[in-house]
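These protein sequences, in sequence, are chains A and B.
Read left to right, the first sequence gives residues 15 to 515 (the numbering used here).
Read left to right, the second sequence gives residues 16 to 114 (the numbering used here).
One should not assume that every hint holds.
List of simulated lysine to any residue pairs, SDA-like, C-alpha gap at most 25 Å [unchecked claim]: (1) A/K107 to B/T68; (2) A/K217 to A/Q228; (3) A/K116 to B/G102; (4) A/K476 to A/A461; (5) A/K116 to B/V72; (6) A/K116 to B/R29; (7) A/K116 to B/V77; (8) A/K494 to A/R428; (9) A/K158 to B/T88; (10) A/K192 to A/R310; (11) A/K107 to B/S69; (12) A/K107 to B/S20; (13) A/K158 to A/P112; (14) A/K451 to A/T496; (15) A/K425 to A/D442; (16) A/K116 to B/R105; (17) A/K217 to A/A369; (18) A/K158 to B/A95; (19) A/K192 to A/T136; (20) A/K107 to B/L74; (21) A/K158 to B/L93; (22) A/K158 to B/A94; (23) A/K116 to B/T75; (24) A/K107 to B/V77; (25) A/K158 to B/I109; (26) A/K158 to B/P97; (27) A/K116 to B/F78; (28) A/K158 to B/A31; (29) A/K451 to A/G498; (30) A/K107 to B/T88.
Here are the in silico distance ranges between beta carbons for each label pair [to be verified]: (31) A/E38 to B/P85: 51 to 57 Å; (32) B/I65 to A/A347: 34 to 40 Å; (33) B/R29 to A/A332: 28 to 34 Å; (34) B/V72 to A/E195: 42 to 48 Å; (35) A/K242 to B/L82: 55 to 61 Å.
I should point out that these hints are in silico values taken from the structure, not numbers from a laboratory.
Backbone N, C-alpha and C define an ideal beta-carbon position, used for all residues, glycine too.
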Amino acid sequence: MSATVELMDYDEVLERFDPVLGLEVHVELNTHTKMFCGCPTGFGAEPNTQVCPVCLGLPGALPVVNEIAVASAIRIGLALNCEIATWCRFARKNYFYPDMPKNFQTSQYDEPIAFNGWLDVTLDDGEVVRVQIERAHMEEDTGKSLHVGGATGRIHGAEHSLLDYNRAGVPLIEIVTKTIEGTGARAPEVARAYVATLRDLLKALDVSDVRMDQGSLRCDANVSLMAKDATEFGTRTETKNVNSLRSVERAVRHEMTRQAAILVDGGSILQETRHFEEAGGTTRAGRRKETSEDYRYFPEPDLVPIAPTREWVEELRATLPEMPEQRRKRIQAEWSLTDLELRDLINAGAVDLIAATVDAGATPAEARSWWVSYLSQSANSRGVELADLPITPAQVAAVISLIADGSLTNKLAREVVDGVLAGEGEPDEVVEKRGLKVVSDDSALYAAVDEALASQPDVAEKIREGKVAAAGAIVGAVMKATKGQADAKRVRELILERCGA
Amino acid sequence: MPSISRDEVAHLARLARLAVTEAELDLFAGQLDQIVQAVAQVGQVADQDIPPTSHAVPLTNVFRRDLVRPGLTQQQALAAAPAAEDGRFRVPRILGEEA
Ligand SMILES: [Zn+2]
Numbered sequence: 015m016s017a018t019v020e021l022m023d024y025d026e027v028l029e030r031f032d033p034v035l036g037l038e039v040h041v042e043l044n045t046h047t048k049m050f051c052g053c054p055t056g057f058g059a060e061p062n063t064q065v066c067p068v069c070l071g072l073p074g075a076l077p078v079v080n081e082i083a084v085a086s087a088i089r090i091g092l093a094l095n096c097e098i099a100t101w102c103r104f105a106r107k108n109y110f111y112p113d114m115p116k117n118f119q120t121s122q123y124d125e126p127i128a129f130n131g132w133l134d135v136t137l138d139d140g141e142v143v144r145v146q147i148e149r150a151h152m153e154e155d156t157g158k159s160l161h162v163g164g165a166t167g168r169i170h171g172a173e174h175s176l177l178d179y180n181r182a183g184v185p186l187i188e189i190v191t192k193t194i195e196g197t198g199a200r201a202p203e204v205a206r207a208y209v210a211t212l213r214d215l216l217k218a219l220d221v222s223d224v225r226m227d228q229g230s231l232r233c234d235a236n237v238s239l240m241a242k243d244a245t246e247f248g249t250r251t252e253t254k255n256v257n258s259l260r261s262v263e264r265a266v267r268h269e270m271t272r273q274a275a276i277l278v279d280g281g282s283i284l285q286e287t288r289h290f291e292e293a294g295g296t297t298r299a300g301r302r303k304e305t306s307e308d309y310r311y312f313p314e315p316d317l318v319p320i321a322p323t324r325e326w327v328e329e330l331r332a333t334l335p336e337m338p339e340q341r342r343k344r345i346q347a348e349w350s351l352t353d354l355e356l357r358d359l360i361n362a363g364a365v366d367l368i369a370a371t372v373d374a375g376a377t378p379a380e381a382r383s384w385w386v387s388y389l390s391q392s393a394n395s396r397g398v399e400l401a402d403l404p405i406t407p408a409q410v411a412a413v414i415s416l417i418a419d420g421s422l423t424n425k426l427a428r429e430v431v432d433g434v435l436a437g438e439g440e441p442d443e444v445v446e447k448r449g450l451k452v453v454s455d456d457s458a459l460y461a462a463v464d465e466a467l468a469s470q471p472d473v474a475e476k477i478r479e480g481k482v483a484a485a486g487a488i489v490g491a492v493m494k495a496t497k498g499q500a501d502a503k504r505v506r507e508l509i510l511e512r513c514g515a
Numbered sequence: 016m017p018s019i020s021r022d023e024v025a026h027l028a029r030l031a032r033l034a035v036t037e038a039e040l041d042l043f044a045g046q047l048d049q050i051v052q053a054v055a056q057v058g059q060v061a062d063q064d065i066p067p068t069s070h071a072v073p074l075t076n077v078f079r080r081d082l083v084r085p086g087l088t089q090q091q092a093l094a095a096a097p098a099a100e101d102g103r104f105r106v107p108r109i110l111g112e113e114a
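Given only the sequences and the hints, what does the whole structure look like? Please build it.
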């Protein structure tokens with residue numbers, strides 16, 4: 015299996031073939047409890063401490079459906095412009111594998127809760143691709159296996175495996191696209207953009223953590239190639255569990271070049287599951303794909319059908335938030351951004367932060383300026399994402415309001431931000447602790463002005479004679495004496511007043 | 016007209032992890048065929064307007080609130096396991112596929 019894999023040059027692939035995609039995304043819901051039992055769903059607990067007779071498949075245990083999970087499934091369906099089933103059932107998908115202690119997965123088969131939808135996906139250059147959604151159905155996650163004895167923790171060479179069932183039974187929604195055709199060279203990019211758009215949508219719906227790195231959002235990419243003169247789809251492979259947006263793009267591209275090389279060589283593609291290898295960006299053969307008959311699906315006898323009333327569906331529709339795409343368009347208009355400016359903000363991960371800062375009372379211009387300049391620089395120098403800076407939009411808004419009411423100069427404000435980033439507390443506390451407030455108490459300023467005038471009598475004389483420009487030197491002296499914490503404009507006013515100019 | 020072949024029985028037996036002898040394959044093929052034909056008679060009396068029945072109770076939408084309920088401790092969970100290690104169920108090596 016480890017023979018060198020021939021790959022075809024990408025441009026040549028496109029001259030000869032059209033790629034056809036189908037994407038399956040599994041999303042773990044962020045419910046408090048599992049799909050069919052009251053076990054908690056938190057990530058990272060000690061193994062087998064979030065289990066019960068139901069999710070361990072012990073004899074006699076009976077499942078009961080989590081209402082919030084069904085509500086989330088319906089909301090996802092509505093957000094994907096799907097029809098919602100008036101009546102549907104769960105089904106048993108039968109297979110033997112240690113990650114599923116019941117020896118079947120409770121899923122949905124021919125009666126998904128949501129079907130026939132679409133999602134518009136905007137590519138980097140603004141082109142919009144409408145991806146048709148086949149279905150979204152409810153199921154449960156499997157346990158996690160740890161392979162012991164192999165050199166790399168992999169199954170190959172392992173002597174035995176260890177199972178943790180904390181994840182078994184966590185509510186999962188599988189979202190399946192219809193075949194995506196006609197995307198040509200952009201197929202890998204479309205795949206990535208689709209998963210990214212779906213992730214943003216699910217995040218806006220607040221139905222999942224959508225953490226690809228923790229597996230709460232997982233993508234399986236079906237890829238096949240159709241020769242330019244062919245009338246039927248080619249045989250597809252399914253690359254499993256691709257764990258980052260970048261990997262989605264790489265996996266699709268790799269499969270295109272791998273399959274093309276086999277096909278022009280007269281070979282044929284095996285319908286199989288493949289595994290993505292993060293390190294080399296390649297895929298590796300897994301098991302031959304079972305046919306769905308082999309799963310011997312049948313209606314789950316322990317769960318009664320689900321028949322969402324239209325009233326309930328409409329209630330749930332009313333809870334849908336503004337969709338990310340609409341939100342971006344609104345923000346672009348409200349903040350008067352060009353397409354390029356908006357895209358830069360999106361790529362910098364700044365849109366949500368700026369919007370939250372505006373919601374906390376700042377003007378869009380000020381909020382944007384802070385996040386894209388000073389805070390972006392801070393994030394860069396710390397090597398972290400903007401959103402991971404230890405400062406909240408509310409704190410940024412507080413700093414901005416301190417500038418607006420004259421309590422801080424821009425220079426002092428940057429120091430306050432540094433203090434917040436250094437963990438010194440809220441902006442007010444930093445101002446207090448570091449003594450950064452603008453000296454606005456006129457009596458203190460009068461004293462400083464009088465002192466400066468007295469120490470430079472010749473300059474003072476010129477000002478009295480009407481040479482107002484000379485005041486600059488006195489302003490400088492006062493600013494120096496107050497360590498920059500005075501409002502220069504006010505200082506100037508006081509100097510002119512003192513000199514009767 | 017036999018609708019269940021010997022090969023299909025062998026395939027099903029493999030999927031169900033059942034050790035079925037050569038002689039049993041013939042026996043079961045015949046028996047399963049009779050069962051399937053008997054069940055198929057339902058289709059002759061049930062008309063298009065009668066939906067297939069999967070549940071004997073006329074209930075829908077039986078839900079549970081999303082509230083955490085205490086489950087088992089790790090020790091309880093592993094108590095009946097043939098083998099355990101590091102708080103996990105220990106199983107023989109898994110052949111064929113990476114999870
Ligand atoms: Zn449980």
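Evaluated hints:
1. A/K107 to B/T68: holds (19 Å)
2. A/K217 to A/Q228: holds (15 Å)
3. A/K116 to B/G102: holds (19 Å)
4. A/K476 to A/A461: holds (20 Å)
5. A/K116 to B/V72: holds (24 Å)
6. A/K116 to B/R29: Holds, at roughly 18 Å.
7. A/K116 to B/V77: holds (21 Å)
8. A/K494 to A/R428: holds (19 Å)
9. A/K158 to B/T88: holds (18 Å)
10. A/K192 to A/R310: holds (23 Å)
11. A/K107 to B/S69: Holds, at roughly 16 Å.
12. A/K107 to B/S20: holds (23 Å)
13. A/K158 to A/P112: Distance of about 9 Å is within 25 Å: holds.
14. A/K451 to A/T496: Given that 25 Å is the threshold and the Cα spacing comes to 11 Å, the pair holds.
15. A/K425 to A/D442: holds (16 Å)
16. A/K116 to B/R105: holds (16 Å)
17. A/K217 to A/A369: holds (16 Å)
18. A/K158 to B/A95: Within the cut-off at roughly 19 Å; holds.
19. A/K192 to A/T136: holds (18 Å)
20. A/K107 to B/L74: Holds - the C-alpha atoms of B/L74 and A/K107 are around 23 Å apart, at most 25 Å.
21. A/K158 to B/L93: At roughly 15 Å apart (the allowed maximum being 25 Å), B/L93 and A/K158 satisfy the hint.
22. A/K158 to B/A94: Distance ~19 Å between A/K158 and B/A94 Cα, so the pair holds.
23. A/K116 to B/T75: holds (24 Å)
24. A/K107 to B/V77: holds (21 Å)
25. A/K158 to B/I109: holds (13 Å)
26. A/K158 to B/P97: holds (18 Å)
27. A/K116 to B/F78: Cα-Cα ~21 Å, so holds.
28. A/K158 to B/A31: Satisfied, since the Cα-Cα distance of roughly 23 Å is no more than 25 Å.
29. A/K451 to A/G498: holds (10 Å)
30. A/K107 to B/T88: violated (28 Å)
31. A/E38 to B/P85: 51 to 57 Å: violated (35 Å)
32. B/I65 to A/A347: 34 to 40 Å: violated (55 Å)
33. B/R29 to A/A332: 28 to 34 Å: Since B/R29 and A/A332 have Cβ atoms about 50 Å apart, the given range 28 to 34 Å is violated.
34. B/V72 to A/E195: 42 to 48 Å: holds (45 Å)
35. A/K242 to B/L82: 55 to 61 Å: With Cβ atoms ~57 Å apart, the hint holds.
Checked against the numbered hints above, the structure breaks hints 30, 31, 32 and 33 and satisfies the rest.
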